Amino acid sequence: MTVMKITRRTFLKVSGATAVGTVIGGLGFDLSPAEVYAQELRIKGAKETTTICCYCSVGCGIIVHTDSSGKVINAEGDPDHPISEGALCAKGASSFQIAVNENRLKKVRYRAPYSNAWKEVSWEWALEKIAANIKKSRDASFMEKNAKGQVVNRTNGIASVGSAALDNEECWLYSKMLRALGLIYIEHQARI
Amino acid sequence: MTNHYIDFRNADVILNMGGNVAENHPVSFKWIQAAKDKGAIFIHVDPRFTRTSTKADIFVRLRSGTDIAFLGGMIKYILDNNLYDEFYVKNYTNASFIVNPKYSFDDGLFSGYDPNKRAYDASTWALEKDENGIPRRDMSLQDPRCVFQLLKKHYSRYTPEKVTEITGTPVNDLLKVYKAYSSTGAPDKAGTVLYAMGWCQHTVGVQNIRAMSIIQTLLSNMGIAGGGINALRGESNVQGSTDAGLLFHIWPAYLPTPQAQLATLADYNKTTPASKDPRSVNWGKNRPKYVASYLKSLFGEKANKENDFGYGWMPKLDTGQDASWLNLFDEMYKGAFTGFFAWGMNPACSGAHSGKVRQALGKLDWMVNVNVFDSETGAFWKGPGMDPKKIRTEVFQLPCAASMEKEGSISNSGRWMQWRYKASNPPGEAKPDGDITYELFKKVRALYEKDKGAFPEPILNLKWDYETTGHFDIHKVAKEINGYDLTTGKLMANFVGLKDDGTTSCGSWIYSGSYTEAGNMAARRKKTDPTGLGLYPEWSWCWPVNRRIIYNRASVDLDGNPRDPKRPLLKWDAEGKKWIGDIPDNAVPPMGTDGAYPFIMKPDGVASLFGPGLKDGPFPEHYEPLECPIEKNLMSSQRISPVIKIFEGGLDKFTTCDPKYPFVCTTYRVTEHWQTGVLTRWLPWLIEAEPQMFCEMSNELAKLRGIKNGDRVIVETSRGKLEAVAIVTSRFKPFNIAGQTVHQIGIPWHFGWLHPKDGGESANLLTPTVGDPNTMIPESKAFMANVSKLTKQPSQPAKKAAKS
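Same order as they appear, the protein sequences are chains A and B. Counting in our numbering, the first sequence runs from 1 upward without gaps. Counting in our numbering, the second sequence runs from 193 upward without gaps.
Keep in mind that the hints were calculated from the coordinates and are not lab data. Certain hints may be false.
In silico DSSO-like links for lysine-lysine, alpha-carbon gap of 27 Å or less [said to hold, decoys possible]:
(1) B:K468 to B:K807
(2) A:K106 to B:K614
(3) B:K468 to A:K136
All values derive from a computational prediction rather than experimental measurement.
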């Protein structure tokens with residue numbers, strides 16, 4: 001008996017033809033084409049966007065499906081990707097739940113000194129206050145010369161950790177900002 | 193990685209050690225399976241039997257923290273049995289180089305040790321040069337001071353019997369691995385090694401990897417298809433974030449962060465790697481071009497020759513200053529910082545000795561935490577044992593976009609830079625990290641424009657112009673990283689054209705060529721495979737210059753013919769005077785008898801069997817972990833690495849050979865979670881599959897402690913304790929270490945108090961503040977703990993899975 005694995009794509013390619021191998025399930029007959037058809041209905045007309053998995057460093061390909069309102073309705077392995085060839089692990093296969101998840105942070109939150117609660121604030125308010133904090137900490141801790149009298153031009157009072165979770169361009173931009181601010185305590189996941 | 197994931201399929205023997213590839217990099221296992229289907233041998237060496245072990249042809253156990261003993265024994269086996277590749281060792285390594293006559297090694301110490309400083313003066317480890325500055329060599333490898341003879345002498349002590357006493361691996365198991373792996377020393381055989389944090393997170397982490405590099409070099413496995421030293425990195429873009437210089441010691445593309453003694457750019461450039469050997473390409477000699485081009489990418493037109501391209505505006509470290517992670521949080525704990533960014537990170541769970549990290553966060557005036565979900569870091573002020581009324585730290589929690597909600601590239605472990613497109617908008621008011629950074633700096637700059645403040649030059653002069661029609665444009669940053677020819681305004685084709693005179697800019701020279709006038713190379717999706725080796729040169733882009741396997745000229749003979757005809761990675765076309773195959777590691781003609789050596793990033797042009805550039809010695813030597821189960825290192829009088837920094841006082845404690853903490857403990861991951869669980873704990877499908885903290889232990893240990901499978905237990909070190917569910921399993925077995933029974937336990941590190949409520953706490957509450965002397969990567973993989981049955985009721989009822 002020839003057993004052929006049917007993916008949604010291969011099914012679509014052969015749909016209408018009868019030369020499909022047989023997959024025998026517990027019921028004694030083949031359910032796969034029906035399942036694939038049901039899956040096809042779910043994402044019919046959806047827009048496909050390629051991305052790369054956000055977890056480990058293998059770099060598996062993922063196709064994200066969005067509906068006409070732009071909502072993510074599905075995410076699955078990219079069969080054209082040469083490393084992963086459509087496969088995903090449990091984490092990658094759950095990518096959909098990152099996009100559609102009621103626990104996502106959706107608002108900027110602020111916790112005031114000695115407070116026991118978050119307060120929702122606006123981006124404008126938060127960025128202005130953070131910028132003022134940066135300036136205050138930087139100006140108060142800036143060191144032009146070290147104990148030996150050597151020019152060091154650095155901000156001793158601010159540190160940063162992050163992040164391998166950022167894209168390359170974002171990492172580079174963040175590194176550019178931190179160094180312009182004079183930070184030397186710059187670290188992230190690669191160290192731990 | 194020197195190689196890449198698909199390349200696993202080209203190997204004859206695959207060794208996974210210090211990692212658990214099937215569970216932690218699951219999809220890559222298909223390429224191991226592809227190799228196995230062609231007859232390859234797959235070896236797994238680990239303290240624990242995992243799903244990787246189930247697929248292994250050979251599985252052997254070793255005690256955590258004894259990898260150098262294990263690998264040192266393999267080096268001895270290869271040398272004793274003449275299994276090394278003589279041509280390769282003579283021509284492509286420093287085996288023939290002569291070492292300084294004052295070099296010595298005695299009872300665990302290399303020459304030049306200063307016990308007061310706990311540091312080496314490495315001058316006696318230098319390689320000898322002749323009157324022209326060219327390394328002295330003995331091509332017969334007989335000189336007693338040549339690297340090859342010193343290597344033999346050093347590892348002569350690593351007998352199978354001695355290794356067994358240290359590692360707990362039976363002699364027969366050792367020999368099985370040694371024999372199988374060293375079969376790849378033939379030129380037409382390929383052996384690859386896949387490692388992960390199980391090698392890095394030790395006080396001898398760098399030397400673990402050095403030991404394997406020595407093996408790979410002796411067996412001619414570097415620079416070939418199916419070979420290499422391959423780190424299975426834990427984060428999707430930790431390669432790219434490292435490349436971008438988000439570490440204290442490097443600017444982007446591994447340019448060293450300047451230190452205070454290097455006052456001017458000329459001083460900095462004097463430290464450029466140099467070689468007087470005409471046969472060494474020493475690509476590092478080009479560094480001044482990359483530094484000037486980087487500074488141009490920072491300061492644009494404000495950077496010119498007269499002002500050292502703004503070099504003076506950049507922050508400098510004190511000479512020898514170490515501002516790495518453990519020191520950072522030690523300083524924070526002591527109150528050195530008022531401000532802190534935890535951007536896309538969760539140090540309250542990911543940092544070694546997390547209890548100390550959490551206390552340190554309370555010493556700040558303000559913290560900015562950017563993340564996709566809430567985390568133990570952002571919410572530290574309401575965590576266990578914290579009283580918000582006493583914690584001053586202001587916290588800003590900024591919601592960011594997830595990976596499919598923005599555009600940009602990431603780099604996998606194989607250095608493939610792959611472009612991701614935006615599928616949907618982020619929820620609510622969440623924004624991409626790039627947009628947040630861009631807007632935040634504009635606010636800071638506006639404040640400095642209004643009221644100058646301290647040293648405003650770098651802030652006011654920074655080139656910060658990445659908008660298109662009023663919106664932040666990530667493509668503009670990608671192009672800035674690739675670089676421009678400023679005389680024409682065109683994008684650089686690659687880094688070869690970069691200059692040190694200010695006429696080019698480039699944000700990261702190793703990424704030059706990624707976004708050219710021909711387009712965004714990272715976005716390519718063409719699956720041509722001209723070599724048949726799975727290099728896919730037109731799929732995405734790979735640094736450097738789309739070279740898929742680094743040091744690939746080591747795969748050919750002196751005439752440029754492949755040494756392995758079955759896997760021809762490169763071949764010299766004598767008529768066309770060009771290389772065919774991968775992008776050659778420098779397009780020089782074949783080496784012949786006086787041509788260029790293949791290891792172009794090494795100043796001497798060859799691979800370093802002897803590595804004089806490290807802080808803990810030129811050869812890897814076995815030392816016990818800071819916390820270990822035996823009183824004496826069976827290899828020497830130095831129990832622990834003599835150069836590690838010991839953090840003492842305050843919350844920093846460690847205990848060794850203490851009956852209160854009798855078991856070796858290690859940390860690891862499960863397939864369903866990632867890192868601290870900062871993403872995966874919030875995903876219902878995943879948290880249902882792996883809902884809570886557990887502790888794995890052997891049947892023998894469980895019996896000893898009266899623990900049954902499923903019991904709740906307390907795991908404790910001198911730094912902290914946590915609750916877990918006991919998994920009593922034959923996956924762990926006791927070790928026989930020099931006649932003594934040593935038990936090992938293991939815990940995952942994905943949990944934290946915030947969510948799910950009954951999921952358990954971070955494994956890092958238990959780990960010590962101690963790191964590798966070269967990298968300061970914490971020792972999370974071997975420390976001493978106790979485990980006991982929980983006698984009181986658990987603090988919260990255990991549930992099967994959290995509902996969200």
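These are the hints, each one checked on the structure:
1. B:K468 to B:K807: Roughly 25 Å between the alpha carbons, so the hint for K468 of chain B and K807 of chain B holds.
2. A:K106 to B:K614: Given that 27 Å is the threshold and the Cα spacing comes to 18 Å, the pair holds.
3. B:K468 to A:K136: Given that 27 Å is the threshold and the Cα spacing comes to 50 Å, the pair is violated.
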